[in-house]
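Build out the structure end to end from the sequences listed, making use of the hints.
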Amino acid sequence: MMNNFRLFLIPVLAVALAIATGAVIIALSGSSPVDAYKALIDGSLSDSKSIGRTLEKATPLVMGGLAVAFAFKAGLFNIGGQGQLVFGALIAGAVGYGITGLPWIIHTPLALLAGAVAGAMWGAIPGILKASRGAHEVITTIMLNFVALNMTDWLASKVWREEGVIVRTPHIESSAEIPRWGELPAGFFLAVVVAFLCWYLLRSTTFGFEIKSVGLNPNAASYAGISVKKIVIMTMAISGLLAALGGAIETQGVVGRYEPGFNAGLGFEGITIALLARTHPLAVIPAAVLIGAMEAGGSMMQFKADVSPEITDIIQALILIFVATPILVRWFLSQKETNELSVSTTWGSS
Amino acid sequence: MSANPSKNIKQFFFSKRWWILTTVLLVFFTLWTSEFQQANTTSVLVSTLRHSTPLVLGAMCGLLCERSGVINIGIEGQMLMSAWGGFMVASTSGSLLLGVFAGIGIGMMMGAVLAGISVGLRGDQIIAGTVINIAALGITSFFFSLGRTLPSGKAQVIKLGPLADIPVAGRVLFSNKPITFLTLLMIPTLWFLLFRTKWGLRTRAVGEHPSAAETVGISVIGMRYLNVIMGGGIAGLAGAYLSLEAVGSFERVMTNGKGFVALAVMIFGRWNPVGAWGAALLFGYASAIQTQFQFRDWLTDDPQFIGIIPFVVTIVVLAGFVGRARPPASIGQPYSRE
Amino acid sequence: MSLNTLALEATGISKTFGSVKANDQVNLEVKKGRIHALLGENGAGKSTLVNILFGLYKADSGIVKVDGEPVDLGRPKDAIDRGIGMVHQHFQLVPVLTVAENIVLGNEPSNKANVIDIENAKEKVRELAEKYQLDVDTEAIVEDLPVGTQQRVEILRSLYREADILILDEPTAVLTPQETDHLLQVLKKLASQGVAIIFITHKLREVLEVADEVTVMRNGQVVGSTTPAETDESGLAEMMVGRSVVLRVSKETASPDATILEVINLCVQDDRELMAVNDLSLKVRSGEIFGIAGVEGNGQRELVETITGLRTADTGEILIGGTSITEFSPRQISELGVAHIPEDREKHGLIGAHSVADNLILNRYYESPFSNRGIRQQKAIAHYAKEMVEKFDIRTPSIETPSSSLSGGNKQKAIAAREFSHNAQLLVASQPTRGIDVGSIEFVHQQLINQRDQGLAVLLVSAELDEILSLSDRIGVIYRGQLIVTANATDLDRNRIGRIMTTGSDSN
Chain W
1 MMNNFRLFLI PVLAVALAIA TGAVIIALSG SSPVDAYKAL IDGSLSDSKS IGRTLEKATP
61 LVMGGLAVAF AFKAGLFNIG GQGQLVFGAL IAGAVGYGIT GLPWIIHTPL ALLAGAVAGA
121 MWGAIPGILK ASRGAHEVIT TIMLNFVALN MTDWLASKVW REEGVIVRTP HIESSAEIPR
181 WGELPAGFFL AVVVAFLCWY LLRSTTFGFE IKSVGLNPNA ASYAGISVKK IVIMTMAISG
241 LLAALGGAIE TQGVVGRYEP GFNAGLGFEG ITIALLARTH PLAVIPAAVL IGAMEAGGSM
301 MQFKADVSPE ITDIIQALIL IFVATPILVR WFLSQKETNE LSVSTTWGSS
Chain P
1 MSANPSKNIK QFFFSKRWWI LTTVLLVFFT LWTSEFQQAN TTSVLVSTLR HSTPLVLGAM
61 CGLLCERSGV INIGIEGQML MSAWGGFMVA STSGSLLLGV FAGIGIGMMM GAVLAGISVG
121 LRGDQIIAGT VINIAALGIT SFFFSLGRTL PSGKAQVIKL GPLADIPVAG RVLFSNKPIT
181 FLTLLMIPTL WFLLFRTKWG LRTRAVGEHP SAAETVGISV IGMRYLNVIM GGGIAGLAGA
241 YLSLEAVGSF ERVMTNGKGF VALAVMIFGR WNPVGAWGAA LLFGYASAIQ TQFQFRDWLT
301 DDPQFIGIIP FVVTIVVLAG FVGRARPPAS IGQPYSRE
Chain L
1 MSLNTLALEA TGISKTFGSV KANDQVNLEV KKGRIHALLG ENGAGKSTLV NILFGLYKAD
61 SGIVKVDGEP VDLGRPKDAI DRGIGMVHQH FQLVPVLTVA ENIVLGNEPS NKANVIDIEN
121 AKEKVRELAE KYQLDVDTEA IVEDLPVGTQ QRVEILRSLY READILILDE PTAVLTPQET
181 DHLLQVLKKL ASQGVAIIFI THKLREVLEV ADEVTVMRNG QVVGSTTPAE TDESGLAEMM
241 VGRSVVLRVS KETASPDATI LEVINLCVQD DRELMAVNDL SLKVRSGEIF GIAGVEGNGQ
301 RELVETITGL RTADTGEILI GGTSITEFSP RQISELGVAH IPEDREKHGL IGAHSVADNL
361 ILNRYYESPF SNRGIRQQKA IAHYAKEMVE KFDIRTPSIE TPSSSLSGGN KQKAIAAREF
421 SHNAQLLVAS QPTRGIDVGS IEFVHQQLIN QRDQGLAVLL VSAELDEILS LSDRIGVIYR
481 GQLIVTANAT DLDRNRIGRI MTTGSDSN
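Chains as they are written, first to last, in my numbering: chain W, 1 to 350; chain P, 1 to 338; chain L, 1 to 508.
The hints are simulated quantities; they were obtained by calculation from the structure and are not laboratory data. It is possible that some hints are incorrect.
Capping the alpha-carbon separation at 27 Å, the derived lysine-lysine pairs in DSSO-like fashion look like this [stated by the list, open to error]:
(1) L:K21 to L:K347
(2) L:K21 to P:K198
(3) L:K124 to P:K198
(4) L:K31 to L:K65
(5) L:K58 to L:K77
(6) P:K198 to L:K391
(7) P:K198 to L:K112
(8) L:K58 to L:K31
(9) L:K131 to L:K77
(10) W:K230 to L:K347
(11) L:K124 to L:K77
(12) L:K188 to L:K32
(13) W:K229 to L:K251
(14) P:K177 to P:K159
(15) W:K230 to W:K38
(16) L:K77 to L:K21
(17) L:K379 to L:K391
(18) L:K131 to L:K32
Listed below in structure tokens is the structure:
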């Protein structure tokens with residue numbers, strides 16, 4: 001029990017330490033950390049409007065965090081969330097504007113599904129490469145990010161381009177839009193439902209058991225008759241699906257279309273969130289809301305306290321350092337007690 | 001030690017047949033796409049070498065680490081931090097040399113961070129490297145201010161006397177900028193260090209079988225720290241190359257995946273500096289091909305397809321060669337004595 | 001040189017791992033020019049003690065004196081500097097380096113610029129090899145060498161460092177009888193040249209043959225010292241185990257029936273794409289134990305992996321109960337009724353972070369009653385696991401405990417519980433008793449015989465020749481991927497099997 005408490009303490013402490021270090025950096029760069037953080041909270045949590053914006057920002061983060069956390073359970077490190085996300089966003093945008101005359105009850109889920117499936121297919125590629133050729137997913141997913149950015153850029157500028165000078169797709173039909181409930185984005189609640197589904201799948205299904213077995217000991221899993229290759233491919237596909245669904249929700253719920261440059265860097269935030277949540281699907285939700293609040297309040301911070309919003313990138317990087325590395329863990333737990341994440345075991349072997 | 005030299009030569013050509021075939025094909029392709037014009041061919045080769053420089057440096061960083069048993073997935077971040085730091089120092093002080101040293105120093109610091117987390121604290125090596133990548137992105141974005149320039153301009157070409165006047169080869173090999181020359185020197189040097197010296201033998205022993213090295217009195221932890229920090233320094237040099245020699249300024253995310261491509265180069269080169277150089281040239285060529293396409297007016301309307309070439313080549317190489325090439329046996333596993 | 005001067009003296013050595021007292025106030029005195037056997041069961045604390053003497057572990061308390069002087073052995077380097085050399089149970093050689101490189105590693109002849117003088121190194125190694133008659137090829141890559149030769153390299157490495165105290169940790173565990181004889185000769189020769197030798201083993205015969213003095217350990221403590229002249233095999237065994245032990249497994253004569261496993265002209269490559277199993281054929285019938293004897297690395301692993309579907313055959317065929325399984329997945333083979341006790345418990349047999357319960361159903365988690373339409377049935381799993389824990393006497397705090405925290409013997413019992421409860425027609429057991437305590441060994445052996453008597457076909461692969469001899473009804477001797485001889489166990493003796501294992505030839 002003590003152990004669980006300390007495991008919970010680590011992420012909290014990591015965030016606190018990161019915020020404190022951030023304060024020092026703000027002070028060193030000549031601004032007031034108190035003003036900066038006040039502005040940050042003002043811009044993210046002060047009223048229903050800013051809370052709505054926080055949740056809006058948190059939505060793709062929940063999905064990105066789930067994508068990373070889910071893959072982790074099978075011992076896979078998906079850092080290709082960004083590529084998967086832009087594919088999902090673009091395809092959802094294309095279906096959202098390209099198909100007309102459908103009622104929303106069909107059109108909205110159809111566009112979401114199309115985006116999700118596109119991301120699943122894109123995510124399956126590194127899975128297949130790993131299962132069949134032994135290419136480590138960390139390199140292939142990041143390379144595929146670059147490929148995806150170029151390909152979606154090309155599709156948006158050549159195939160599905162809106163008339164005019166700006167490279168972007170036309171606005172989606174209103175039947176494909178995800179509604180807002182007052183200030184609250186419905187997409188966020190969709191993401192929460194998905195998080196619960198992931199949690200249930202991993203906890204209570206035989207498929208989840210297979211995924212965890214492969215993640216914990218692929219050798220023993222294959223001796224037990226589990227097809228490690230199949231699990232690797234399916235897990236990567238689901239991980240890609242989750243990231244892409246985040247992109248689709250963003251297109252249909254926030255932006256209304258696909259524009260190149262869409263949510264750059266999101267894949268990396270997913271890593272921070274997943275590790276902050278210690279890869280627990282439900283813990284991903286508060287972790288994503290926290291990071292979402294930083295993003296939502298960032299511009300207010302620049303406006304009111306004249307602090308570059310990139311400071312939140314630094315704070316996030318610090319959080320990541322504290323949660324992803326054993327720096328804090330070693331203070332609290334002996335080596336034996338920690339059941340640490342490992343994704344390095346399959347490097348370079350086929 | 002065969003007594004028959006002609007057999008050795010035959011064997012050499014046989015074992016390297018794919019390299020030789022590839023080279024011949026590429027040479028022909030180069031000549032064809034540059035319409036058999038000397039100037040075009042030269043510029044493609046020059047561009048190949050330039051593109052290959054940060055890649056082979058990155059790969060040498062990677063192989064230094066992996067030969068001692070530490071995966072360095074953070075090369076990208078180490079390069080980016082050094083590109084930024086080197087540029088900041090050079091633009092403030094006005095000295096390019098100081099900037100390069102700063103880049104190397106920052107690279108070594110980043111190496112020390114990776115070593116501290118993965119060797120000292122025995123954290124997961126891939127996560128540690130990813131943390132470095134993400135942190136580097138955040139830090140360089142936050143501290144970078146636009147409008148800075150290099151007072152002295154970027155590094156200039158040095159011509160090696162009459163050698164530089166040789167047609168084609170002179171321009172390509174003997175008329176380069178300082179870090180490029182340095183890199184060309186480092187490749188055989190590192191090979192020699194790795195395969196002929198005490199340090200090299202011990203490094204390889206530590207990477208293959210750490211406990212065996214420990215039982216003969218070699219400090220595994222010490223060797224790993226040393227190599228990862230030195231590797232960081234080489235990645236730092238690659239970063240300085242980007243901002244101070246190639247571009248002459250710092251841009252956000254200017255490494256653009258080169259640190260990851262370098263890992264593929266390392267694997268393709270089988271953890272050997274000379275092999276990595278060959279692989280880096282191939283990748284450099286994949287980037288330089290862009291200029292060739294322009295000669296022939298191919299795909300100029302769809303630059304995205306050209307942009308993905310190096311990344312696709314990386315994936316293909318990984319898919320084709322990992323598993324066949326044998327990495328140092330202990331990579332990825334934290335070492336502790338008890 | 002006086003033969004009675006102490007080379008090494010350890011007093012009051014204690015070492016605790018977690019809650020286990022691996023060494024408790026251990027004393028040891030080793031004389032120059034003598035062979036001192038350290039005898040004890042697996043887990044008695046012998047390896048811990050010598051790892052402390054070699055500076056690999058740090059003792060919690062106690063004093064070590066070398067040549068009468070107290071020494072601080074914080075790292076292997078300290079021990080090496082004091083003239084202590086060690087031949088490890090798991091060889092500490094770098095597989096991809098040459099013999100010469102391995103021997104000089106850490107102490108390389110070099111010039112001022114630290115460039116290694118490899119010719120000089122080879123020359124030094126050759127001189128040593130000649131002096132001690134330990135024949136090696138200095139340019140060979142270590143991983144290409146047979147086990148016995150690798151061990152020679154390890155000995156040479158210690159001698160190169162001028163060790164006058166040589167520790168050998170279970171050196172004969174991996175050797176054939178002939179190689180063992182050769183090693184024992186080498187040890188006697190070394191001792192006659194003044195080297196003090198600490199020789200760890202649990203094989204009584206070897207102790208009696210070679211040792212000048214014997215120290216016996218049990219449960220982390222020294223339980224007695226003696227000399228071969230004062231005792232015999234059963235006396236040593238009783239000291240070692242603390243009760244009188246039955247050294248033979250009792251079993252009825254086999255009554256084999258229909259052929260269950262048939263391997264026909266099988267060829268399989270290993271990970272390095274070399275031919276590991278080469279045109280091998282065998283038959284195992286229901287109700288018999290077929291033992292495969294051989295030095296490790298002669299294709300046993302690849303054979304087992306191919307039979308269980310983890311590796312693909314190049315050519316040839318495998319029939320199980322008449323069904324060709326060459327194209328089958330591991331799961332399909334398992335469902336045909338093949339139980340498998342893998343060679344490496346931790347790596348292949350269990351998922352350490354999973355609970356004992358989940359490991360007990362690892363091969364059937366997807367079937368009813370453990371799963372219903374893809375949803376795990378926790379109650380059924382717990383119920384079944386409790387039953388198994390009781391039936392197989394698995395010592396665990398609870399069924400929710402991660403299996404990684406069980407002892408070696410209990411891990412093996414958990415695997416046995418899973419595999420034996422599986423309505424199998426064929427049982428493939430690889431090194432089923434490696435590294436577990438005597439009590440668990442007896443249990444596993446008895447279980448294997450019970451399974452046979454219930455009509456299973458059992459394929460037993462073991463590097464322990466004694467295990468093969470005492471359990472098998474028929475024996476095949478494997479050498480470089482081929483069964484050189486297949487015969488009834490009664491028609492083969494130790495020496496003949498040993499000869500075939502070593503040379504691949506049945507002729508004298």
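How the hints compare with the structure:
1. L:K21 to L:K347: With Cα atoms ~25 Å apart, K21 of chain L and K347 of chain L stay inside 27 Å; holds.
2. L:K21 to P:K198: violated (40 Å)
3. L:K124 to P:K198: Holds. K124 of chain L to K198 of chain P sits at ~17 Å (cutoff 27 Å).
4. L:K31 to L:K65: holds (12 Å)
5. L:K58 to L:K77: Distance of about 13 Å is within 27 Å: holds.
6. P:K198 to L:K391: violated (57 Å)
7. P:K198 to L:K112: Roughly 11 Å between the alpha carbons, so the hint for K198 of chain P and K112 of chain L holds.
8. L:K58 to L:K31: OK: K58 of chain L and K31 of chain L at ~23 Å, within 27 Å.
9. L:K131 to L:K77: holds (25 Å)
10. W:K230 to L:K347: With a Cα-Cα distance of about 20 Å, the restraint between K230 of chain W and K347 of chain L holds, given a limit of 27 Å.
11. L:K124 to L:K77: With Cα atoms ~21 Å apart, K124 of chain L and K77 of chain L stay inside 27 Å; holds.
12. L:K188 to L:K32: holds (12 Å)
13. W:K229 to L:K251: Violated. K229 of chain W to K251 of chain L sits at ~43 Å, over the 27 Å cutoff.
14. P:K177 to P:K159: Distance ~9 Å between K177 of chain P and K159 of chain P Cα, so the pair holds.
15. W:K230 to W:K38: With a Cα-Cα distance of about 49 Å, the restraint between K230 of chain W and K38 of chain W is violated, given a limit of 27 Å.
16. L:K77 to L:K21: holds (26 Å)
17. L:K379 to L:K391: holds (18 Å)
18. L:K131 to L:K32: holds (19 Å)
The structure fails to meet hints 2, 6, 13 and 15 from the earlier list, while all remaining hints are met.
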